[in-house]
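There are 2 protein chains.
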Amino acid sequence: MSKINVAVVGATGVVGQEIIKVLEQRKFGVSKIKFLASERSAGRRVSFERKGYTVEALDNRSFKGVDLALFSAGSDVSKEFAPIASKSGCLVIDNSSAFRMDKEVPLMVPEVNPEALKKAKGIIANPNCSTVQMVVVLKPLHDFGQIKRVIVTTFQAVSGTGADAVVELNEQLKAYCQHKEINPKVYPYQIALNVFPHIDVFMKDGSTKEEEKMVKETKKILSHRINVNATTVRVPVLIGHSESINIETVKEIKPEKARKLLDKAKSVQVIDDPEENKYPMPLSVSGTDDCYVGRIRRDSSIKNGLSLWVVADNLRKGAALNAVQIAELALEKKLIGN
Amino acid sequence: MSKINVAVVGATGVVGQEIIKVLEQRKFGVSKIKFLASERSAGRRVSFERKGYTVEALDNRSFKGVDLALFSAGSDVSKEFAPIASKSGCLVIDNSSAFRMDKEVPLMVPEVNPEALKKAKGIIANPNCSTVQMVVVLKPLHDFGQIKRVIVTTFQAVSGTGADAVVELNEQLKAYCQHKEINPKVYPYQIALNVFPHIDVFMKDGSTKEEEKMVKETKKILSHRINVNATTVRVPVLIGHSESINIETVKEIKPEKARKLLDKAKSVQVIDDPEENKYPMPLSVSGTDDCYVGRIRRDSSIKNGLSLWVVADNLRKGAALNAVQIAELALEKKLIGN
Numbered sequence: 004m005s006k007i008n009v010a011v012v013g014a015t016g017v018v019g020q021e022i023i024k025v026l027e028q029r030k031f032g033v034s035k036i037k038f039l040a041s042e043r044s045a046g047r048r049v050s051f052e053r054k055g056y057t058v059e060a061l062d063n064r065s066f067k068g069v070d071l072a073l074f075s076a077g078s079d080v081s082k083e084f085a086p087i088a089s090k091s092g093c094l095v096i097d098n099s100s101a102f103r104m105d106k107e108v109p110l111m112v113p114e115v116n117p118e119a120l121k122k123a124k125g126i127i128a129n130p131n132c133s134t135v136q137m138v139v140v141l142k143p144l145h146d147f148g149q150i151k152r153v154i155v156t157t158f159q160a161v162s163g164t165g166a167d168a169v170v171e172l173n174e175q176l177k178a179y180c181q182h183k184e185i186n187p188k189v190y191p192y193q194i195a196l197n198v199f200p201h202i203d204v205f206m207k208d209g210s211t212k213e214e215e216k217m218v219k220e221t222k223k224i225l226s227h228r229i230n231v232n233a234t235t236v237r238v239p240v241l242i243g244h245s246e247s248i249n250i251e252t253v254k255e256i257k258p259e260k261a262r263k264l265l266d267k268a269k270s271v272q273v274i275d276d277p278e279e280n281k282y283p284m285p286l287s288v289s290g291t292d293d294c295y296v297g298r299i300r301r302d303s304s305i306k307n308g309l310s311l312w313v314v315a316d317n318l319r320k321g322a323a324l325n326a327v328q329i330a331e332l333a334l335e336k337k338l339i340g341n
Numbered sequence: 004m005s006k007i008n009v010a011v012v013g014a015t016g017v018v019g020q021e022i023i024k025v026l027e028q029r030k031f032g033v034s035k036i037k038f039l040a041s042e043r044s045a046g047r048r049v050s051f052e053r054k055g056y057t058v059e060a061l062d063n064r065s066f067k068g069v070d071l072a073l074f075s076a077g078s079d080v081s082k083e084f085a086p087i088a089s090k091s092g093c094l095v096i097d098n099s100s101a102f103r104m105d106k107e108v109p110l111m112v113p114e115v116n117p118e119a120l121k122k123a124k125g126i127i128a129n130p131n132c133s134t135v136q137m138v139v140v141l142k143p144l145h146d147f148g149q150i151k152r153v154i155v156t157t158f159q160a161v162s163g164t165g166a167d168a169v170v171e172l173n174e175q176l177k178a179y180c181q182h183k184e185i186n187p188k189v190y191p192y193q194i195a196l197n198v199f200p201h202i203d204v205f206m207k208d209g210s211t212k213e214e215e216k217m218v219k220e221t222k223k224i225l226s227h228r229i230n231v232n233a234t235t236v237r238v239p240v241l242i243g244h245s246e247s248i249n250i251e252t253v254k255e256i257k258p259e260k261a262r263k264l265l266d267k268a269k270s271v272q273v274i275d276d277p278e279e280n281k282y283p284m285p286l287s288v289s290g291t292d293d294c295y296v297g298r299i300r301r302d303s304s305i306k307n308g309l310s311l312w313v314v315a316d317n318l319r320k321g322a323a324l325n326a327v328q329i330a331e332l333a334l335e336k337k338l339i340g341n
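Same order as they appear, the protein sequences are chains A and B.
Reading the first sequence from the start, the letters are residues 4 to 341 in the numbering used here.
Reading the second sequence from the start, the letters are residues 4 to 341 in the numbering used here.
Note that these hints are calculated values from the structure, not bench results.
The model shown is predicted, which means the values in this text are computed figures rather than measured ones.
Warning: the hint list may mix true and false statements.
[Stated by the list, open to error] Derived lysine-lysine pairs resembling BS3-like cross-links, with alpha carbons at most 27 Å apart:
| no. | chain 1 | residue 1 | chain 2 | residue 2 |
| --- | --- | --- | --- | --- |
| 1 | A | LYS35 | A | LYS82 |
| 2 | A | LYS124 | A | LYS336 |
| 3 | B | LYS306 | A | LYS257 |
| 4 | A | LYS151 | B | LYS306 |
| 5 | B | LYS67 | B | LYS37 |
| 6 | A | LYS281 | B | LYS188 |
[Said to hold, decoys possible] A few chain A residues that don't get close to chain B, going by computed Cβ distances all over 10 Å:
| no. | residue |
| --- | --- |
| 7 | THR15 |
| 8 | GLN20 |
| 9 | LYS30 |
| 10 | ARG47 |
| 11 | PHE51 |
| 12 | GLY55 |
| 13 | ALA60 |
| 14 | ASN63 |
| 15 | ASP79 |
| 16 | VAL80 |
| 17 | ASP146 |
| 18 | VAL189 |
| 19 | VAL253 |
| 20 | LYS254 |
| 21 | LYS267 |
[Stated by the list, open to error] Examples of chain A residues lying across from chain B (beta carbon under 7 Å, computed):
| no. | residue |
| --- | --- |
| 22 | THR156 |
| 23 | LEU176 |
| 24 | LYS177 |
| 25 | ASN197 |
| 26 | VAL198 |
| 27 | PRO200 |
| 28 | THR234 |
| 29 | VAL238 |
| 30 | PRO239 |
| 31 | VAL240 |
| 32 | SER245 |
| 33 | ASN249 |
| 34 | MET284 |
| 35 | LEU286 |
| 36 | ARG300 |
We put the beta carbon where it would ideally sit given N, CA and C, even for glycine.
Using the sequences provided together with the hints, build the complete structure.
Laid out in structure tokens, this is it:
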């Protein structure tokens with residue numbers, strides 16, 4: 004693999020930090036690397052492969068000589084700078100929601116729709132964290148039995164919101180243990196010892212933006228014929244999103260068959276032995292790369308129904324890892340560095 | 004109302020303690036009261052209306068002269084002593100799962116199936132906490148639109164397990180804040196900063212007993228024609244179960260219509276103003292009596308689909324309060340104290 008020049012945009016955020024880790028761990032062929040952020044975070048220090056770097060403020064010339072830019076600095080930054088980066092000749096992999104539903108932009112999970120890469124014109128979008136882990140698990144089931152409908156309820160970790168929310172949960176837990184007052188800042192309500200069905204902003208139809216993402220992104224990545232109903236819920240967990248997923252298929256998929264299909268699937272691990280209390284949990288999968296599935300059972304409330312419990316590290320497969328995997332595929336297909 | 008002699012069985016447990024509170028708060032017409040428990044808890048002290056009582060060990064003569072016995076000491080104790088209590092002429096309201104599916108025993112939520120009281124022959128069963136709050140909210144919707152199918156995922160508080168679990172979560176949070184090791188005792192895994200899809204024991208078909216309860220009890224209480232699929236999940240919350248509920252009805256129920264039906268329903272409160280971040284949460288409903296519903300919205304993945312978010316205090320409407328309300332209805336209908 005030819006070594007390339009990389010820019011990480013939003014390097015000081017939770018996903019940005021995870022991107023740095025993933026690039027190091029996977030020995031991504033970096034020739035030169037630079038770290039970019041908005042004015043607010045510029046000047047901060049980050050380290051990569053034991054060397055220190057100063058985060059530079061983004062401007063119109065930031066992407067000169069850069070082959071690959073990994074963006075995770077929020078939608079507004081992506082909207083402004085991803086087109087600039089792309090125009091200057093570098094491939095952008097964007098972790099924000101800015102371009103996900105753009106018809107000209109592929110929305111990719113390498114295990115699910117690698118063919119989307121062919122349509123890439125400079126920007127590739129990384130899906131929402133809760134969508135990624137769901138479609139990775141649904142793909143082999145859809146290929147076998149054709150999924151008609153998905154009903155999903157999520158249990159989402161605070162790291163999905165960002166570093167501030169991780170600090171907030173930790174501070175609230177400390178305050179609770181010390182019988183001190185809790186004053187939420189990041190979320191509208193206390194998240195310690197609480198749950199709320201509110202992720203991202205509310206839409207006119209009463210669903211949240213996060214729920215809409217799961218509906219629309221699943222259609223774009225997997226199939227427009229799959230109808231999704233999502234309820235997305237924040238829980239007091241640091242890392243690891245869990246999903247209670249119910250599917251209805253055209254062709255019956257027995258639980259044993261589902262286990263076999265999932266066992267063979269790339270980036271999926273089946274942990275499903277209820278008698279031994281084995282099922283995936285956020286605490287046990289945090290820091291790992293795969294999507295874990297358990298509690299696979301027939302849903303007898305309908306003809307071809309199946310229930311699943313899916314857990315993955317929202318910062319890795321849900322964000323940083325998937326972005327780097329897209330970059331690896333783009334390198335392999337010679338979309339970068341030529 | 005005539006004053007009656009009451010026995011509280013399992014008075015030192017979390018539900019037993021809540022029964023005492025509910026009897027006091029509702030000024031239940033108690034003439035004499037006694038507190039009973041297994042040998043293990045006998046001798047402990049409890050207080051009722053500012054008077055102290057010593058908990059007595061259960062035996063065959065415990066129910067002599069007692070008109071009403073409220074049981075919440077687990078299935079085994081109920082199986083052994085509820086028939087003895089009933090034979091000695093007192094009405095038993097049992098909070099355990101021992102008799103719930105017994106055809107001779109009514110399974111009751113006063114707002115939902117008060118007519119079941121007519122069949123009472125000495126023992127009345129109180130449903131499982133997660134079932135109670137669901138059927139209270141589903142009842143007015145079912146009456147209007149006839150529910151065909153329910154898909155529910157729960158977020159259940161540790162107090163549903165008992166006092167030990169409340170202590171365990173608090174100790175784990177303290178250990179986490181002090182960077183100390185966490186060694187789970189009550190649950191197979193750490194519950195602080197974690198979630199797991201495991202409540203009660205696992206059944207042969209891969210579902211948990213808790214999931215089976217929600218399926219079977221809903222049928223018995225509401226309608227045998229309703230098919231339920233449940234996934235029950237423990238979350239690090241002290242009090243208050245939350246439920247993500249998706250229903251399919253024969254007749255369409257528009258969200259506005261559902262809100263009107265629920266607004267009029269007894270023991271239901273609609274908190275549903277997403278624009279103002281208003282939806283029910285465990286922290287905001289703990290200690291209160293009603294079942295709260297929000298996030299009411301159309302599920303467009305199917306013809307007549309509706310999604311709801313339901314939260315209630317699992318110790319009150321889910322257990323103690325419902326038991327006392329059954330007793331109040333039985334008193335009104337002169338089933339006790341005659």
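Here is how each hint holds up against the structure:
1. Between A:LYS35 and A:LYS82, the direct Cα distance comes to roughly 25 Å. Compliance with the 27 Å bound is thereby established for this hinted pair.
2. Our distance criterion of 27 Å between C-alpha atoms is met by A:LYS124 and A:LYS336, whose separation comes to about 14 Å.
3. Taken as a hint, the B:LYS306 and A:LYS257 pair is honoured in the structure, with Cα atoms around 26 Å apart against an allowance of 27 Å.
4. Of the pairs offered as hints, the one joining A:LYS151 and B:LYS306 holds, with about 13 Å between alpha carbons and a cut-off of 27 Å not exceeded.
5. With a C-alpha separation of about 11 Å, the suggested pair B:LYS67 and B:LYS37 falls inside the 27 Å cut-off, and the hint holds.
6. Using a Cα cut-off of 27 Å, the hinted pair A:LYS281 and B:LYS188 holds, with the two alpha carbons roughly 17 Å apart.
7. Taking the minimum C-beta to C-beta distance to chain B, about 24 Å, the non-interface status of A:THR15 holds against the 10 Å cut.
8. Here A:GLN20 stays apart from chain B, with its beta-carbon at least about 19 Å from theirs, past the 10 Å limit.
9. A:LYS30, annotated as away from the interface, keeps every beta carbon of chain B farther than 10 Å; the closest lies near 31 Å.
10. No beta-carbon of chain B comes within 10 Å of the beta-carbon of A:ARG47; the shortest separation is about 26 Å.
11. Even its closest Cβ contact with chain B, about 28 Å, leaves A:PHE51 beyond 10 Å, as expected for a residue assigned away from the interface.
12. Residue placement check: A:GLY55 keeps its beta carbon more than 10 Å from all beta carbons of chain B (closest about 27 Å).
13. For A:ALA60, the non-interface assignment is confirmed: its Cβ lies about 34 Å from the closest Cβ of chain B, beyond the 10 Å cut-off.
14. In this structure A:ASN63 is separated from chain B by more than 10 Å, as the shortest Cβ-Cβ distance comes to about 38 Å.
15. Every beta carbon of chain B lies more than 10 Å from that of A:ASP79, the smallest distance being close to 22 Å; the non-interface claim holds.
16. In this structure A:VAL80 is separated from chain B by more than 10 Å, as the shortest Cβ-Cβ distance comes to about 26 Å.
17. For A:ASP146, the non-interface assignment is confirmed: its Cβ lies about 20 Å from the closest Cβ of chain B, beyond the 10 Å cut-off.
18. Non-interface call for A:VAL189 relative to chain B: holds, since the shortest CB-CB distance, roughly 13 Å, exceeds 10 Å.
19. Listed as a non-interface residue, A:VAL253 keeps its Cβ farther than 10 Å from every Cβ of chain B; the least gap is roughly 15 Å.
20. For A:LYS254, the non-interface assignment is confirmed: its Cβ lies about 19 Å from the closest Cβ of chain B, beyond the 10 Å cut-off.
21. The beta carbon of A:LYS267 sits about 20 Å from the closest Cβ of chain B, which is more than 10 Å, so the claim that it is off the interface holds.
22. Taking 7 Å as the C-beta cut-off, the interface hint given for A:THR156 holds, the closest approach to chain B being about 4 Å.
23. A cut of 7 Å between beta carbons decides the hint on A:LEU176: the least distance to chain B is about 6 Å, and the hint holds.
24. Taken as an interface hint, A:LYS177 checks out: its beta carbon lies about 5 Å from the nearest beta carbon of chain B, inside 7 Å.
25. The interface hint given for A:ASN197 is met, as the beta carbon of that residue sits about 4 Å from the closest beta carbon of chain B, less than 7 Å.
26. About 5 Å separates the beta-carbon of A:VAL198 from the nearest beta-carbon of chain B, less than 7 Å, and the hint is met.
27. Checking A:PRO200 against chain B by beta carbon gives a least distance of about 5 Å; that is within 7 Å, so the hint holds.
28. The criterion of a C-beta within 7 Å of any C-beta in chain B is met by A:THR234, whose closest approach is roughly 4 Å, and the hint holds.
29. The restraint placing A:VAL238 at the interface with chain B holds, with a minimum CB-CB distance near 6 Å, inside the 7 Å limit.
30. Hint status for A:PRO239 relative to chain B: holds, with the closest Cβ pair at about 5 Å, below 7 Å.
31. Using the Cβ-Cβ criterion of 7 Å, the hint placing A:VAL240 at the interface with chain B is satisfied: the shortest such distance is roughly 6 Å.
32. With 7 Å as the threshold, the beta carbon of A:SER245 comes within range of chain B, its nearest partner Cβ sitting at about 6 Å, so the hint holds.
33. Annotation: interface hint on A:ASN249 holds; nearest CB of chain B at approximately 5 Å, less than 7 Å.
34. With a least beta-carbon distance of about 5 Å to chain B, the hint placing A:MET284 at the interface is held under the 7 Å criterion.
35. This hint holds: A:LEU286 has a C-beta 4 Å from the nearest C-beta of chain B, less than the 7 Å allowed.
36. Residue-level restraint check for A:ARG300 holds (minimum Cβ-Cβ distance to chain B is 4 Å; threshold 7 Å).
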